[in-house]
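For the protein sequence lines, the chains are A and B, in the order given. The first sequence runs 0 to 428 under numbering that gives the first Met the number 0. The second sequence runs 0 to 309 under numbering that gives the first Met the number 0.
No lab work stands behind these hints: they were computed from the structure. Just so it is clear, the structure is predicted and the values come from calculations on it, not from any experiment. The beta-carbon is built from N, C-alpha and C at its ideal position, and this holds for glycine as well. Hints are not guaranteed to be accurate.
As the list claims (entries may be wrong) - Taking lysine-lysine and the DSSO-like style, the derived pairs with C-alpha atoms no more than 27 Å apart in a straight line are:
| no. | chain 1 | residue 1 | chain 2 | residue 2 |
| --- | --- | --- | --- | --- |
| 1 | A | Lys349 | A | Lys314 |
| 2 | A | Lys320 | B | Lys183 |
| 3 | A | Lys270 | A | Lys320 |
| 4 | A | Lys425 | A | Lys392 |
| 5 | B | Lys37 | B | Lys94 |
| 6 | B | Lys179 | A | Lys270 |
| 7 | A | Lys320 | B | Lys67 |
| 8 | B | Lys94 | A | Lys314 |
| 9 | B | Lys199 | B | Lys152 |
| 10 | A | Lys170 | A | Lys292 |
| 11 | A | Lys360 | A | Lys292 |
| 12 | A | Lys270 | B | Lys199 |
| 13 | B | Lys210 | A | Lys270 |
| 14 | B | Lys5 | A | Lys314 |
| 15 | A | Lys246 | A | Lys360 |
| 16 | A | Lys128 | A | Lys170 |
| 17 | A | Lys170 | A | Lys360 |
| 18 | B | Lys38 | B | Lys67 |
| 19 | B | Lys152 | B | Lys122 |
| 20 | B | Lys183 | B | Lys150 |
| 21 | A | Lys32 | A | Lys349 |
| 22 | B | Lys183 | A | Lys314 |
| 23 | B | Lys251 | B | Lys152 |
| 24 | B | Lys122 | A | Lys270 |
| 25 | B | Lys122 | B | Lys150 |
| 26 | B | Lys179 | A | Lys320 |
| 27 | A | Lys270 | B | Lys94 |
| 28 | A | Lys360 | A | Lys421 |
Unchecked claim - Using C-beta positions, here's what the derived DEER-type ranges look like:
| no. | chain 1 | residue 1 | chain 2 | residue 2 | range |
| --- | --- | --- | --- | --- | --- |
| 29 | B | Asn3 | A | Ser391 | 28 to 34 Å |
| 30 | B | Ala98 | A | Lys392 | 28 to 34 Å |
| 31 | A | Pro387 | B | Pro40 | 34 to 40 Å |
| 32 | A | Lys270 | B | Leu242 | 33 to 39 Å |
| 33 | B | Pro234 | A | Ser391 | 29 to 35 Å |
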Amino acid sequence: MGSILIQGGHVVDPSQQLDGPADILIENGFIAKVGKNLKAKADRVIDATGLLVTPGLVDMHVHFREPGFEYKETIATGSHAAVAGGVTSVACMPNTNPPIDDQAIVHFIKTKAEQEGHCRVYPIGCISKRREGQEMAEIGELKRAGVVGLSDDGSPIMNAELMRRVLEYAKMLDTVVIDHCEDSNLSNNGSMNEGETATRLGIPGIPAASENVMVARNILLAEMTGARFHAAHVSTAGSVELVRLAKRKGLSVTAETCPHYFALSDRAIRKYDANFKMNPPLRSEEDVAAIRKGLQDGVIDAICTDHAPHASTEKQCEFDKAAFGIVGLETMFPVTYSHLVEPGMVSLSKAVEMMSSNPAKILGIPGGTLAEGSPADVALFDLKTERPVEASKFKSKGRNTPFQGWNLKGWTVMTIVGGVVKYDYKNEG
Amino acid sequence: MAWNRKHLLTLEELSADEITLILDTANSFKEVSERSVKKVPALRGRTVVLFFHEPSTRTRSSFELAAKRLSADILTIQTASSSLVKGETLIDTLKTLEAMTVDALVVRHSSSGVPALLASVSKASIINAGDGFHEHPSQGLLDLFTIRERKGKIEGLTVTIVGDITHSRVARSNIYGLIKMGAKVRLCAPTTLIPSGIEKWGVEVTHDLTKALTGADVVNVLRLQLERQQKNLFPTIREYSMLFGVTTERLKVAQKDVMVMHPGPMNRGVEISSGVADGPASVIDEQVTNGVAVRMAILFLMMGDKSVSQ
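Chain B extracted, bound-state conformation (with noise of 0.2 Å):
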């Protein structure tokens, strides 16, 4: 099949179809990141704008050299050097940019909605970045390709997500992801991290992590934001951590080949720990690995020639 998106919004939208050519692809890109001269000529000549409206290390640099390797131009906006901050409004910007002929912009912005608002004026490509509790759909397809490359498949896997699921984008695009490619999902996090409405995703909702992890094959451990503490929505970190941290003990009634994720930085000693984080289940450096290729995948397929693609 050929892609045929201009945006990628969500995962919420993709087809099973779409995932796995982003994964297929992003297989082929892996060896480019493994090579002495890790550079490809696939997006030379493009403009690829990183349009970040909130901090962001990890994300930020996986585009960045993921756009690097294909050759492309990179433009780096943060809100901190960028006219956001001095009253603009967001579409002022976008066109200002636009006019400068990039071909891509890839954002991140903490109001849910922000990378949708853009795609509905803009001619360059938008590529969400993570978007406020919405969705984070590299980090669903870097998550979905680890799961692939170390289990061999994703249909009928039981993928148990732990934390705070409420404030999780991350969480919204690997529950969409999963189930699209077949996979069974957990989800564990106390009730009040829990959003409302989302057991009709066809997701299993659990408090208990003893039950959550009971013959589990993928782990996904999310970030705890410590200061949703002071919202009252657990009473402290060390009660979280007794009820809901992923230890090694904990551990041990998952199936024998478990695998584990964190989509990072992880709070060690809180939801996960470091026996956990370090130990030989965890995949947490395979999924930082992995989101370069995937990511490479994804701007190649918005931006590339589409004659070569396939």
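Pulled out of the complex, with its shape left as it was, chain A reads as follows (with noise of 0.2 Å):
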């Protein structure tokens, strides 16, 4: 495996507070040493000068889309997109066919993962069975199989007594719980945030109460039961206040964002583009105005993707009818870099924790540091050059991204898993 010196670059890894120019030895797949004028010799040296050197980022929430889905996405390309993203660990969705609701597909996606994965996929398991939200799934089995939480995300837990029982059950495993947020009745087939833009498009709208009383929910039933709850892609002003009431109060609640719920509002969608089309939807402007301030607070943890990747027919077709999701491993660092971290709403150091260790500690999985000893996975990125998203250049095999043509400073140069190089801008920009 040899060794790698990164010099010459600026460092910022929030788990040891660092944030200033270092060098980085690797060896044998571990970080050796970080420190100033590293003298150290290595196989090989990268030269960072005028790059940001980060820990290699942790996103908490993917879809993979494999098993059953892979004309939309593979284990092989979605981490293709997540190491051209410099992310270098990801939890995916058990969405998937059949759902990630027994250890076979556990052992399945890390085996595929160990054969063609670029980085390291950590599989999230169903809460319930089939994840028809009735029976709870074997999460003991999951758990000793090796997912690192439970959700049956894409879909909400509607049975209040079933999400009691869980909190209760994975307790005693110590595993988080995550929760798409979403009551259906309220939502009631809707396609896009309920307001003047819906009303105007004539799109049913989706109110933010859909999200908001399913947060407070869970948050009350964390309480009753002690357990961790992480409330998946918050998007409301109403999620970020209970969640900090919550906090406050000192429960084991934690929650994350994706980068399309603080740098887009409804407003931005026009001529019935699906490429605008999630659950949730893109909210209004207070709500955007709310999700910053939670990052800037602390009272969000974690930013994170929900790269949904779907075929082109799947959006290129009536609004209502269209898929929901959007891809987001490519330009999540470039548009928090962009639109949070320049516009001076969220220091560098605290977006980068928010996109390593936060959630690797939230999924209590390794990575999202450089601290010595620790696996060597490390992004580098260039805050300088300024470039235009383009969709048609996406490792991923989704084209659904609301960000195309957008001019985004943040793109990564290179990133390392495990010390090794996985992605390269210049071999495959």
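Starting from the two chains in their separate frames, assemble the complex, guided by the hints.
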């Protein structure tokens, strides 16, 4: 495996409060040393002058579609997109076919990831059998097989009694329960945020309350059970307020959001372009402001992508029939840097923390740090060069991005996973 | 002014001048329908596809007659007889039709935004004949035409729209058109049938029918989709009718020369009483007659020889 010396970069590693010039020595797949002007010899020296060097990013919410929907994405293409975005670890959601409600699927995903993956892939197990929201899946066995969290993501757990029991049971396993917070009765087959824009377009709306009531319910159940509850992809001012209260009470409640919820509002939905359709939907400008505030205050712990690739025919169709979801792995860092960090809303170090050590901590997985002795997962970014988003060049099979054509800074230069260069823009860009 | 648009998708995007041009053009076509030989050669050799992905009798018949009276060739495609049911995408169906060199597609679809989607890739003109809850521009235009014909103007009139605004494309097209033409618009419906944020459009919203009708010059009564009751948007049809049904008695607070419109088909005794529908204030049949003239104007402006249009 040999050694790599990353020289002359600006290292930001919130896990060690590092934010300044430093070199990094990697030996045999692990971080051997971090410090100024390292005089070490190495098999390969990488000149990081003028670049940002961070722990490899951790995306705790992706959909890799395998098994079952390989025409949308595979573990190979999805993880390729991950490293192209500086992401070295992902947690993949279980809405596959068959779903990850059984140990065998966990093993399948882990094996596929070992054989074809470009980054570390951690499966999330189902909360319920067949993701039907009725009966608890074998979550103890799933945990033993290696899932790092539990979720029926894509579908909410409408049955409060099931949620209560799963939280109780998951507490015994010390596993986080991640809920897609949505009251499907309130969503009522809507396709975008309920509000003036939806009224103008004549599209049935999904009210913010559909998310808020479920975040509230889950917080109350987390309080009752003492379990760890993580709110997936929060998009509303109400969710931020509820999580803020839960944290003030000292509950084990965490939350994530995605770049599109702080960079776009429902007003961006023009001409019925389904590349702006996801669930939860793009919300009002007031919600966007509240999400930004929540990121600033640390109420929201993590930034993830909810990377949801779809085939073009599933998007270029009737807006109400189009699939929910957008890709995000290859734009997460540039959108976050250009629309959160550069405008001064969140410090670079805080942003990196929310995309590395925080999600790693929530899931209890390694990574998200450059501490000596930890696996050598490292990302190098260029904060100066501005380039437009070009969906046609994505490594993901999905082209469904709302950021097409946006001029952004913060593009990935290189991604190292376990001491091996898995992405090099020079060769692949 | 000249008509420069390839597609007619919404009234939201039209200027007052463009609306006036359509209404003026319709005025000159209205006479054609009153002749014994109801045909002019304006669109001879042009092909119009009536692309209807939702049941429709009125709008389809009206467009069909309009196209025939302009001598266009017509192809009608309805969901049951098209490949849409075989799983073909809309875009592929459009491309197939285009490959047969058609000039315009009149599109009706249950999903909002389908005409816009088709227009984004279509070489042929796309005419929106009603999409989801979004817009129904030809209905909006024929309502404006009927008001202007009866009242001699639109500007300054108070127009009350009563009924399910949330699920109504007719309401949206009417609101855009009326406001652009200088009318005052009042909306009246139960709170559950007023869509979020609509007060930002410069309309007055009320839930009191008497208030809504007081001093109104025009009342446009919308059809109540009876199945909405199962969605708990109102408790019973009876209660809806008691609170929001337009009757001769209730209409007394309106202007003496009030005119009452309805886009049809009516639920007599629910949103409108027979007394009103068949009474002196009703212009419901005129709306249907004017619909053909307005649709002739639309087809002509979209497809006609521009050198002779004005």
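Structure-based check of each hint:
Between A:Lys349 and A:Lys314 the alpha-carbon distance is near 34 Å, which puts this suggested pair outside the 27 Å criterion. Restraint check for A:Lys320 and B:Lys183: not satisfied, since their Cα atoms lie roughly 36 Å apart, outside the 27 Å limit. Distance hint between A:Lys270 and A:Lys320 is fulfilled; the C-alpha atoms sit about 15 Å from each other, no more than 27 Å. A threshold of 27 Å between alpha carbons decides the hint, and for A:Lys425 with A:Lys392 the separation of about 14 Å falls inside it, so the pair holds.
Restraint check for B:Lys37 and B:Lys94: not satisfied, since their Cα atoms lie roughly 33 Å apart, outside the 27 Å limit. For a cut-off of 27 Å, the pair hint linking B:Lys179 to A:Lys270 stands: about 21 Å separates their Cα positions. Among the hinted pairs, A:Lys320 with B:Lys67 is inconsistent with the structure: their alpha-carbon atoms are about 34 Å apart, more than 27 Å. Straight-line distance between C-alpha atoms of B:Lys94 and A:Lys314 comes to about 17 Å, which keeps the hinted pair within the 27 Å bound.
Taken as a hint, the B:Lys199 and B:Lys152 pair is honoured in the structure, with Cα atoms around 25 Å apart against an allowance of 27 Å. Note on A:Lys170 and A:Lys292: the hinted pairing is violated, with a Cα-Cα distance of about 30 Å set against a maximum of 27 Å. This hinted pair checks out: A:Lys360 and A:Lys292 have alpha carbons roughly 22 Å apart, not beyond 27 Å. For the hint pairing A:Lys270 with B:Lys199, the CA-to-CA distance comes to about 20 Å; that is within 27 Å, so the pair holds.
The suggested pairing of B:Lys210 with A:Lys270 is violated, with an alpha-carbon distance near 37 Å, which exceeds 27 Å. The straight-line distance between the Cα atoms of B:Lys5 and A:Lys314 is roughly 25 Å, inside the 27 Å bound, and the hint therefore holds. Only pairs whose Cα atoms come within 27 Å are accepted, and A:Lys246 paired with A:Lys360 is accepted, the gap being roughly 16 Å. Of the supplied pair hints, the one linking A:Lys128 and A:Lys170 holds, its CA atoms being roughly 19 Å apart against a limit of 27 Å.
Under the criterion of a C-alpha separation no larger than 27 Å, the hint pairing A:Lys170 with A:Lys360 is consistent with the structure, at around 16 Å. For the hint linking B:Lys38 to B:Lys67, the alpha-carbon distance of about 7 Å falls within 27 Å, and the restraint holds. For the suggested pair B:Lys152 and B:Lys122, the alpha carbons sit about 36 Å apart, so the restraint of at most 27 Å is broken. Using a Cα cut-off of 27 Å, the hinted pair B:Lys183 and B:Lys150 holds, with the two alpha carbons roughly 14 Å apart.
Taking the CA atoms of A:Lys32 and A:Lys349, the gap is about 23 Å. The hint holds against a cut of 27 Å. At most 27 Å may separate the alpha-carbon atoms for a hinted pair to count; B:Lys183 and A:Lys314 exceed this at roughly 39 Å. Pair hint B:Lys251 plus B:Lys152 holds up; C-alpha atoms about 23 Å apart against a cutoff of 27 Å. For the hint linking B:Lys122 to A:Lys270, the alpha-carbon distance of about 17 Å falls within 27 Å, and the restraint holds.
For the suggested pair B:Lys122 and B:Lys150, the alpha carbons sit about 39 Å apart, so the restraint of at most 27 Å is broken. A distance of roughly 32 Å separates the Cα atoms of B:Lys179 and A:Lys320; the hinted pair therefore is violated under the 27 Å criterion. Taking the CA atoms of A:Lys270 and B:Lys94, the gap is about 20 Å. The hint holds against a cut of 27 Å. Taking the CA atoms of A:Lys360 and A:Lys421, the gap is about 24 Å. The hint holds against a cut of 27 Å.
As the Cβ distance of B:Asn3 to A:Ser391 is approximately 33 Å, the hint placing it in 28 to 34 Å holds. Taking the beta carbon of each, B:Ala98 and A:Lys392 are about 31 Å apart, inside 28 to 34 Å as hinted. A C-beta distance of roughly 51 Å is found between A:Pro387 and B:Pro40, which places it outside the suggested range of 34 to 40 Å. At roughly 38 Å, the beta carbons of A:Lys270 and B:Leu242 sit within the given window of 33 to 39 Å.
Restraint check, B:Pro234 to A:Ser391: a C-beta distance of roughly 53 Å breaks the suggested window 29 to 35 Å.
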